[in-house]
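Visitor: Here is how the chains run, residue by residue.
Number of protein chains: 2
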Amino acid sequence: MTKINKNFSNLGENYLFAEIARRVNEFKVKNPGRELIRLGIGDVTLPLAPVVVEAMKKGCDELGVKETFKGYPDYEGYLFLREAVAGYYKRFGVKIGTEEIFISDGAKSDAGNIVDLFAPDNRVLVTDPVYPVYVDTNILSGREIVYADSNEDNGFAAMPGQTPPPDLIYLCSPNNPTGTAYTFGQLKAWVDYALENKAVILYDAAYEAFIEDEGKYPRSIFAVDGARRCAIEFASLSKTAGFTGTRCGYTVIPLELEADGMRLRDLWYRRQSTKFNGVSYPVQCAAAAVFSDEGLSQIRENIAYYKENAAIISGTVKRLGWEYTGGVNSPYIWFKCPGNTGSWEFFDTLLNSAGVVGTPGEGFGKNGKGWFRFTAFGSREATASAMNLLDNLYRSDTVRQK
Amino acid sequence: MTKINKNFSNLGENYLFAEIARRVNEFKVKNPGRELIRLGIGDVTLPLAPVVVEAMKKGCDELGVKETFKGYPDYEGYLFLREAVAGYYKRFGVKIGTEEIFISDGAKSDAGNIVDLFAPDNRVLVTDPVYPVYVDTNILSGREIVYADSNEDNGFAAMPGQTPPPDLIYLCSPNNPTGTAYTFGQLKAWVDYALENKAVILYDAAYEAFIEDEGKYPRSIFAVDGARRCAIEFASLSKTAGFTGTRCGYTVIPLELEADGMRLRDLWYRRQSTKFNGVSYPVQCAAAAVFSDEGLSQIRENIAYYKENAAIISGTVKRLGWEYTGGVNSPYIWFKCPGNTGSWEFFDTLLNSAGVVGTPGEGFGKNGKGWFRFTAFGSREATASAMNLLDNLYRSDTVRQK
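For the protein sequence lines, the chains are A and B, in the order given.
Letter by letter, the first sequence follows residues 1 to 402 of our numbering.
Letter by letter, the second sequence follows residues 1 to 402 of our numbering.
For the record, the hints were derived by calculation from the structure and aren't laboratory data.
Treat the hints with care, as some may be off.
Identical chains share a label here; the pair holds if one copy fits it or two copies do between them.
With a Cα cut of at most 20 Å, we get these calculated PhoX-like pairs of lysine-lysine [what the hints assert, rightly or not]:
{"no.": "1", "residue 1": "Lys216", "residue 2": "Lys336"}
{"no.": "2", "residue 1": "Lys28", "residue 2": "Lys3"}
{"no.": "3", "residue 1": "Lys3", "residue 2": "Lys198"}
{"no.": "4", "residue 1": "Lys336", "residue 2": "Lys366"}
{"no.": "5", "residue 1": "Lys216", "residue 2": "Lys307"}
{"no.": "6", "residue 1": "Lys6", "residue 2": "Lys198"}
{"no.": "7", "residue 1": "Lys307", "residue 2": "Lys66"}
{"no.": "8", "residue 1": "Lys369", "residue 2": "Lys336"}
Here the structure is a predicted model, which means the values were calculated and not measured.
Using the sequences and the hints, build the whole thing.
Guide: So this is what it looks like as structure tokens:
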């Protein structure tokens, strides 16, 4: 008799986005035809850069001609793309070997599948508020999870020191959902803590391209001394180059990284060659084009556009006098709901009074209670319009009458 | 301290294809410039159909324009593609709902990741010889594996009846590596056995497009009564439409399928939404084009081409008087090495005397000892040339002197 994985019943409801969708639908039924502005989910809106589209189409054409047709790709990705990724790292001063790079269909797949490498009895640390994937994938494989609070007291930047020490540590910087980024010094503290306790850091660098103050915030954990002996890094083209619908990410596992005397790079290669068959050839062509000089110049414009959105949002929130983090070095703005309103209460007010959809911080963990997240990935018009509505809704009468 | 998944050490060496590569490289060093004909790995060689390339390029163009840009795809695939897959099933008389279809980056990923749904203490049955993915993924998650012999005694079609009964049953038809297909009656016996023992069948239909005798051999397990209550089906465009480098497959989980009182379709949705972010939009466009009338007509020509290769190979093997299976309803030809030669011995002879690379049956399991696999996915020239060389090498002197 087939027995299912009992850990499924330990998963919470896919509460957050399902509940958002439910409330939005209810609103739509009650307000037919009323326009909504969505600054909730972190999905991009700008099209792919022209050089990327051309490269992808060229890849398609090659698949249509016998002489240039491609069959199974390498499990770890084509060398031309791994070289391009290594070159990208080199631009911000980090040296990575091509044999340490694994191309995938996205950082979420890798961050989810990486748990296959580890025993169920590892204790997992996540910072709270947290991107739900780190939690759910570990619940599914039956691991104990401990939470490190990120809150107003530490500037939403949880620091190490937990006892007993965890065995696996998930860090995300710039952070989703709080928009905070770890400084070199803060990240060094995590690396030292991991090395001291022989823990592995699973580092999500999905938003690294938004870092502008590179002297203060590392774009890769491998810019920190010692990280090559304790960290795996996940990165993605989703937010860097608008690949949410194109699907391509990469994971870096240094050759030095070992646990239980085994090289994690080799275990991941074995995992991927067993359960994965590589990334679509045209997608790999598109990804390589992102890392060309022309590609980087084109995507830089897109990132600048989103950053300007972030500035508009954080400017509004600041003007309203609300506490917030993020908005620079990050596409997320994380702010305290006004007047001690609860996250969901604020969500409802914003939806019903302004037709604006954001994400209640409470959905990301207990430290998100009373906080709220906006993303900078909307269009300029939608973002500006939402901020005008927010401003009208919350500006004090005094200010309004000036 | 991080503890790794101990089951990695229970995996065999990735022996088969690594060892083939080692011997081929040795040969190349010794015989510089000598041409090799590869009929080993089951990778296709014909280019994508024109209508497929056009659809994929149109998808790329849409990603390059703001108005038609696509962000995160649905976890389960775009409805337009799930409708196309449902329509494809309908052509061979099987009714599947779009909510039962999950689009993925390939059948290997799904066949590998599906184990996340089940408890570690399920007993897993695989037929031997076997596609290594079923075995390795279950070793990695620590399950007991039992083997059902497929051999000359049962025409390389293992049948049910094992006691104690397994909880999970992997079947592949048409089979990799033996090229045999289950008849309706044989598959009904497996379905009845699974229902009786509340086991789940994990059915790999990757080669269904090669079935020509549709009255005798089902193209889907769901053509068999009762299968909707006990089976999951994996399928792929890799061999159907040359998608090995384009990457797209689909998995069907009927709504009725339950285990431990839970609907497996819902568990898979939860697994995919937690660890996967959907398939590249242009790839989904390409896949949908395969299932159009024009697409199906174009890929039918490619399948006919490979079938003609299969006929050339099986004709040669037959003429040489060797026992074999497959070659019809399948792209694989599985034959007994002449004169009780071992699989690897035959491999070496073939490589060194003729420069032809095939796959030693022994690599697929104990019942493959002394057997060998050729694939029909080479070019016509390579296939014909390899068969001429084989014929010259093994035709008896008597025959040769006629």
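Visitor: Now tell me, hint by hint, if it's right for this structure.
Guide: Results of checking the hints against the structure:
{"no.": "1", "hint": "Lys216 - Lys336", "verdict": "neither (25 Å within a copy, 67 Å between copies)"}
{"no.": "2", "hint": "Lys28 - Lys3", "verdict": "neither (41 Å within a copy, 49 Å between copies)"}
{"no.": "3", "hint": "Lys3 - Lys198", "verdict": "between (35 Å within a copy, 10 Å between copies)"}
{"no.": "4", "hint": "Lys336 - Lys366", "verdict": "within (14 Å within a copy, 64 Å between copies)"}
{"no.": "5", "hint": "Lys216 - Lys307", "verdict": "within (18 Å within a copy, 62 Å between copies)"}
{"no.": "6", "hint": "Lys6 - Lys198", "verdict": "between (30 Å within a copy, 17 Å between copies)"}
{"no.": "7", "hint": "Lys307 - Lys66", "verdict": "between (44 Å within a copy, 18 Å between copies)"}
{"no.": "8", "hint": "Lys369 - Lys336", "verdict": "within (9 Å within a copy, 68 Å between copies)"}
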